[in-house]
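Undergrad: Residues per chain are reported as follows:
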Amino acid sequence: MNGIAPGPVLFGYGNPSRGDDALGPLLLDRAEIWAKAHPGADLGLVADFQLQIEHAVDLHGRGVALFLDADASCPPPFRFRRIAPARDESYTTHELSPESVLHVFSTISGQAPPPAFVLSVRGECFELGAPLSPEAEVHAEAAWGLLQELMADPRPESWAGRVT
Amino acid sequence: MSPTANLQLESAAHPEGLTRTVIEPITRVEGHGKVTLLMDDQDRVQQARLHIVEFRGFEKFIQGRPYWEAPVMVQRLCGICPVSHHLAAAKAIDMFVGARQLTPTAEKLRRLMHYGQTLQSHALHFFHLASPDLLFGFGADVATRNIIGVIQAHPAIALQGVKLRKYGQEVIRVLSGKRVHGVFAIPGGVNKALSVQDRDYLRKDIDQIVAWSREAVAIARRVYLDNLEEHQAFGSFRSNFLSLTTPGGDFELYDGGLRARDDKGQDIFDHVDCAHYLRYLHEEVKSWSYMKFPFIVSLGNDEGWYRVGPLARVNNARAMGMPMAEEARRDFMSMGKGEPVHATLAYHWARMIELLYSAEAIQALLGDPDLLGTDLLTRGERATEGVGVIEAPRGTLIHHYKIDDQDTIVKANLIVSTTHNNTAMNSAVRQVAARYLDGKKLTEGLLNHIEVAIRAYDPCLSCATHALGRMPLQVELLDAEGQLVDRLVKHADGSLACGAL
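As they're listed, the protein sequences go chains A and B.
My numbering puts the first residue of the first sequence at 1, with every later residue one more than the last.
My numbering puts the first residue of the second sequence at 1, with every later residue one more than the last.
Same shape as in the complex, but just chain B:
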């Protein structure tokens, strides 16, 4: 199947007279969105779309502020990945002070923070947001398909998830002084050296963290392979992939050049300087969603969409750079038989390989004498434009700023990970809707199949839509004339109300 093969369900040829079902919002996803399904009289899906229903420009939140405030302010855009925004903004404003190469200590301390963020984010997603689906099945009873069900059925796994998450948060807290809202990265470096005491505090638990991370890879692998046929088919489609890689083409989370590969694994572009991202990536606006649709310029908006995040990064890497993660990557890539792995649910397995990579990278850094250095800042020739690109847990995150002579930010452009995956998530929804809902009456379990496909991308809709809010889950059924005939509402506290109007 080509990357555009299931786009026929993006827009129905004759939407009038179709039954419309709305799922709002997607639970276990930050922020809110809704899915609309237009069904005909035979309950066949004629149109499927993931909508983003709210927009607030957070570029405006940044414009007009002194550039050195940006790394602190952007942490408040999103409660899920504040550290990623902090570091991406810091990388961009490094350019304003001419800091194109940080001191070894500063770069390694930033990397340590970034790996801590990736570890805690991936642990939360796999063990507590996705594992209920994976361990109990997508159509399991809703009462068990949540984290309490996981804790009760698999207490050891759930506890490991809590402790992995907690460790990642501790890495962040030790470096920034707080788990959130801390100040650490500043223009040209970092503002605090790591003490021996703090290094040793983190080092005492890291071997256990690596061991648990390795077990997590084994769990994700087993879950995938135990139900191989369904996992390979569920929400699966071919696509291009985008990520950062090292100059040698290896896996990279903090820095590097942009690499895009096609669905067969051939380079579309490679080693692209992130400062030139606008030459390679554009965004399309569609009238039915507030979230934009990025695409690779050379391929156009129909063929040029791509996926980012764990699956893209592992697929695009020549090697992982950490021994246990590399062993896991080789095992994972054997699934693709020489081509990239395309299954949507393979994101979970790839995410755990990255969890292991992050744990190993933290372990390596904690043994590196550079980490305790005190040369924290560097400076160079001033610039008025800066681009910072980082691989956030959910995928490539781009911060782009321009400043005036007063050092005030006059332009800001942010492309967040979830936006890169917009077309991919829509494709997953369409594929799942066509396969699992076509010709059937809707049930909560069936609708959860769609949410499972979206959750695999771990989207942060709050980030992508610049909004943070609670909305009730609302399922509406409209008849062929567009009249509302039934409604199911899931309130913010989880209570359900149903019945015809």
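Looking at chain A on its own, in the form it has when it is part of the complex:
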């Protein structure tokens, strides 16, 4: 932490009442507790059901962005990857992709978005009313280990060296 560079913004999204879709919000809850113990971290924390156009505004003034989401297709326990603005067809739905949020930011601000990464945590069950699956609990613990390291060292170049 250099105390000057703007801190990261974390987006944890998903429906907490749909089984493993809760992975993103749950990790964000843990990040919030971590942030209270590390007040100098300057974390931006955004929880939502899904990504939409207004989340582009939350990127403003941030040094790096991290999207926390459940993923039914990534290899377990998680995948950590860097993303770039992209004009994909998620614009035609009520739910944007992280790449689309970056693209909206670029378009409405005329600036490049901050470096951005996605931490996809493998989920197995997404039924309404279902609890977190045992597999997802294991995956969440593994992801939490990485997330703590990322928050402790929020330099984009450091994050880039950790992509899986």
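Because the hints were derived from the structure by calculation, they are not lab data.
Model, not experiment: these values are computed from the prediction.
Quick reminder that beta carbons are idealized off the backbone N, C-alpha and C, glycines included.
A portion of the hints provided could be inaccurate.
Cross-link-like lysine-lysine pairs, in silico, DSS-like; alpha carbons within 27 Å at most [to be verified]:
(1) B:Lys292 x B:Lys264
(2) A:Lys36 x B:Lys178
(3) B:Lys192 x A:Lys36
(4) B:Lys178 x B:Lys204
(5) B:Lys264 x B:Lys337
Some chain A residues near chain B, calculated using beta-carbon distances under 7 Å [said to hold, decoys possible]:
(6) Asn15
(7) Leu45
(8) Glu54
(9) Val57
(10) Leu128
(11) Gly129
(12) Leu132
(13) Thr164
With chain A's structure known, arrange chain B on it following the hints.
TA: Frame of chain A, contents of chain B only:
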């Protein structure tokens, strides 16, 4: 045309031997559904239906829980309008604690949250889901017919949409502590007073929000009038309308009585106590859809279907109650020449009038000293049954619960806005299919005409079908013998795959 005039395309007389085209799901609509078109050898539409393809009972999700958990739990039924479910559930459970009239502060704070929700939802729909169709045309190239195309061609409009949406979300966040999943409305009132600091934070931008909302009405009006003939005809049919109104018959989003009017604007019923909704509204089940078909009991299931949402609310209101919105309503209603406006695409214009109303109502509330009060809760005689009705952005939303002696919810019935509009959306599909697809080969642009008609209702199929999921867009072409001869698949990431099997 009577409300039943185009029902002849609901079921083909001889469906065997017809070509079947499937559009699945409807993009820019939450959840998923599919449209099937049965065409004969001359490419004439013989049957058109909007299907809902998945069902999960979310009443079961609520039953067995303590009633005070309901306003929090129901927010998780739907990622699109959680605040509407939160407030409808809260209104229902108010009855359990005998809170038939909230304190002025509590009611005004709930209204503020509701107007914030309406503002952000309508802004998203008009500026980012519907505007690509409206600004570029229904048959425009698919590469430009999305929000990126709008941003690049009309950057100021797109940015206003983002900021309007963001402001509505901020209203919700300030009141509940979070943009989503927050706890605010509780049995008999709300759990947090509004601070002067938070009131002033919202007040500093509201004049700009009202100004942008007024511009939005002008944009919607201009788009409609610039292509008046097509907009009046597209997916247009006559219908009954249902909404809440104030005791005086004015526009209302949070409370009031139920009013139903016929296609000429005459009252079918008025000032109906929402607790008695089951005496006036029933639901029909049809074998080909998981979504039910509500109707007005006195008219029967063939004649009694109706529309809800912005068009219904503006048509049913005697006046809007906010000066700029009222001016816009009068202008809008002049289109009907003394009768309700029936055009499906008029929903967009009516939706922007409601956006303006919501902005003006927020502005008025932020200047009301009651908003900063601290008398937040009220109580009365306990009851074991509660009905909460609210006008959600998409239309009338009904929550109905019964509890036992242990305060556990033993029965829940929810009628969501999109379900009220089920027959109307099917009618729009049939009308558009008959007008634009009959006798033509199918193209992506033509198929989008059907989606445009459905999107005008801003349906939330996730809510209506109790499901939330991603499905690829799948278009299947079957020959007269029912054999699949071609397929077009649009995957969840937007990529397309096509070609014969």
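Undergrad: Failing hints, ascending?
TA: 7, 12 and 13
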